[in-house]
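Starting from two chains that each stand alone, build the complex the way the hints lay out.
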Amino acid sequence: DQQVKQNSPSLSVQEGRISILNCDYTNSMFDYFLWYKKYPAEGPTFLISISSIKDKNEDGRFTVFLNKSAKHLSLHIVPSQPGDSAVYFCAATLASGTYKYIFGTGTRLKVLA
Amino acid sequence: EPEVTQTPSHQVTQMGQEVILRCVPISNHLYFYWYRQILGQKVEFLVSFYNNEISEKSEIFDDQFSVERPDGSNFTLKIRSTKLEDSAMYFCASSQTGQGAGGYTFGSGTRLTVV
Numbered sequence: 004d005q006q007v008k009q010n011s012p013s014l015s016v017q018e019g020r021i022s023i024l025n026c027d028y029t030n031s032m033f034d035y036f037l038w039y040k041k042y043p044a045e046g047p048t049f050l051i052s053i054s055s056i057k058d059k060n061e062d063g064r065f066t067v068f069l070n071k072s073a074k075h076l077s078l079h080i081v082p083s084q085p086g087d088s089a090v091y092f093c094a095a096t097l098a099s100g101t102y103k104y105i106f107g108t109g110t111r112l113k114v115l116a
Numbered sequence: 007e008p009e010v011t012q013t014p015s016h017q018v019t020q021m022g023q024e025v026i027l028r029c030v031p032i033s034n035h036l037y038f039y040w041y042r043q044i045l046g047q048k049v050e051f052l053v054s055f056y057n058n059e060i061s062e063k064s065e066i067f068d069d070q071f072s073v074e075r076p077d078g079s080n081f082t083l084k085i086r087s088t089k090l091e092d093s094a095m096y097f098c099a100s101s102q103t104g105q106g107a108g109g110y111t112f113g114s115g116t117r118l119t120v121v
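Residue numbers (our numbering), protein chains in the order written: chain A, 4 to 116; chain B, 7 to 121.
Okay, chain B solo, but in the shape it has when bound (with noise of 0.2 Å):
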C-alpha cells in the first residue's frame, strides 16, 4: 500500500538551529500536509499547499515556518531558527482531493527535540 514517508524519524537540535524535516508524499497525491503534536496534547494543523503553493495556514505556522516542494517528489517544513517549544512529532500527510472530507494519508512523523 502507499505510504507517506519522512525522515529523520528523530532529530535533536540546538535552540536557534535550522532543521529542515522532510517528506516524500505519494506519488499522485497533489495536496500536502503538515501537521505537529506537542507530547500529552492534540494533533494540530500547520499548513496544506497545493500547485506549489500555501493554500492554507494556521495561527502557529509563522515566519520561522515554511514548506517547499523542492521537486517532484519532496515536501520540507523549514524551521529557521528552533525554540524549545517547537519540540514536537511532526507528521506529514498528503491527499488525492483537498477537499477535507476525503481522509488523508499520514507518515510515521519526525520526533524535533529542541534542547
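If we strip away everything but chain A, and leave its shape as in the complex, we get (with noise of 0.2 Å):
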C-alpha cells in the first residue's frame, strides 16, 4: 500500500544550489500534506506543510509546491547548505476524521560542500 511514494532514495547538491525533493501521491482524498527532515539518530522534525487549498507554501528556504491534478508534491531548498543533508519525509492525511500521517521512503539529501 504505497499511497506516498517518493521514487529518488537519494540527491546530491552542491552547497548554494536548488535541492529539489519530489513526492508523488495516489489518494485523491489527502488534503493535507507535510515535509519532515530526519538526521541521524534522531526523530523526523516537521519543517513545512501545505493545504490541498494552496499549491505553493514558503517559509525561509523552503518551499513546498503542490500540483493536485497530477498528484504530486515538491520540496525546495534555496539555497542548500551543507547542515541541510538529511533524510526528507513527506507525509500526507486529511485535514480531519484521522489522526495518522501516511508517509513516503524518504530521499536522502547530501548537499557538497
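You may find that some hints are simply not true.
[As the list claims (entries may be wrong)] Quick list of in silico lysine-lysine cross-link-like pairs, PhoX-like style, CA-CA up to 20 Å:
#1 A:K41 to A:K113
#2 B:K48 to A:K8
#3 A:K41 to B:K48
#4 B:K84 to B:K63
#5 A:K71 to A:K59
#6 A:K71 to A:K57
[As the list claims (entries may be wrong)] Simulated coverage check for chain B against chain A, where a stretch passes if three residues somewhere in it have a Cβ under 8 Å from a Cβ of chain A:
#7 45 to 55
#8 59 to 69
#9 93 to 104
#10 109 to 119
Hint data in this document are derived by calculation from the structure and do not stem from the laboratory.
Every residue, glycine too, gets a C-beta built ideally from N, C-alpha and C.
Printed below as a string of C-alpha cells:
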C-alpha cells in the first residue's frame, strides 16, 4: 500500500544550489501534506506543510509546491546548505477525521560543500 | 524548545519477551502517537491516543500491542510477546490538536532489537 511515494532514494546537490525533492501520492482524498527532515539518531522534525487548497507555501529557504491534478508535491530548498543534509520524508493526511500521517520512504539529501 | 523524550534509546530483547517503550510527550500536548520504522522502510503509523483512550490504530497494532498513559506525563507502548519482525525504530510523537494538519513533534526514537 504505497499511497505516498518518493521515487528518488538519494540526491546530491552542491552547496548554494537548489535542492528539489519530489513526492507523489495516489489518494485524491488527502488534503494536507507535510515535509519532515530526519537526521541520524533523531526523530523526524517538522519542516513545512501545505493544504490542498493552496499550490505553494513558503517558509524561508523552504518552499513546497502542490500540483493536485498530477498528485505531486515537491520541496525546494534554496540555497542548499551542508546542514540540510538529512533524510526528507513527505507525508499526507486528511485535515480531519484521522490522526495519522502516511509517510513516503524518504529521500536522502547530501549537500556538498 | 520543548521536546518529546523517549527511553531507552536502544533495547535488545529476546523473542517472546515483553517490552515497554517509554515516552514523555510535551507537557501541554493532548494527542499522542506511536510510529515505527523498520530498517530501510517507511515510517508507519501504529496508534493515536487522546483523552485516555485509543482514537485510531493501524492494522499493525494488533493484540500484542497496548498503550497506556499511567500518569500525567508518561505514555508507554507495550509489546507483550516480541517477534523478530518487531525489530524497528519506534517513535513517539505528540501534538496540541488532533487535526492531522498540525504537525507532530517526534521523539528521537527507541531502537528495538529482537533476537
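Results for each hint:
Under the criterion of a C-alpha separation no larger than 20 Å, the hint pairing A:K41 with A:K113 is consistent with the structure, at around 12 Å. Of the pairs offered as hints, the one joining B:K48 and A:K8 holds, with about 10 Å between alpha carbons and a cut-off of 20 Å not exceeded. Under the criterion of a C-alpha separation no larger than 20 Å, the hint pairing A:K41 with B:K48 is consistent with the structure, at around 12 Å. For the given pair, B:K84 sits about 14 Å from B:K63 by alpha-carbon distance, which is consistent with the 20 Å threshold.
Between A:K71 and A:K59 the alpha-carbon distance is near 11 Å, which keeps this suggested pair within the 20 Å criterion. With a C-alpha separation of about 9 Å, the suggested pair A:K71 and A:K57 falls inside the 20 Å cut-off, and the hint holds. Given a C-beta distance limit of less than 8 Å, the hint that chain A covers the stretch 45 to 55 of chain B holds, as 6 residues qualify and 3 suffice. Only residues whose beta carbon comes within less than 8 Å of a beta carbon in chain A count, and the stretch 59 to 69 of chain B has 3; three or more means the coverage holds.
Residue count for the stretch 93 to 104 of chain B with a Cβ under 8 Å from a Cβ of chain A: 3. That meets the three needed, and the coverage hint holds. Judged by the Cβ-Cβ criterion of 8 Å, the stretch 109 to 119 of chain B is covered by chain A as claimed, because 7 of its residues qualify and three suffice.
Of the hints listed earlier, there is not a single one the structure fails to meet.
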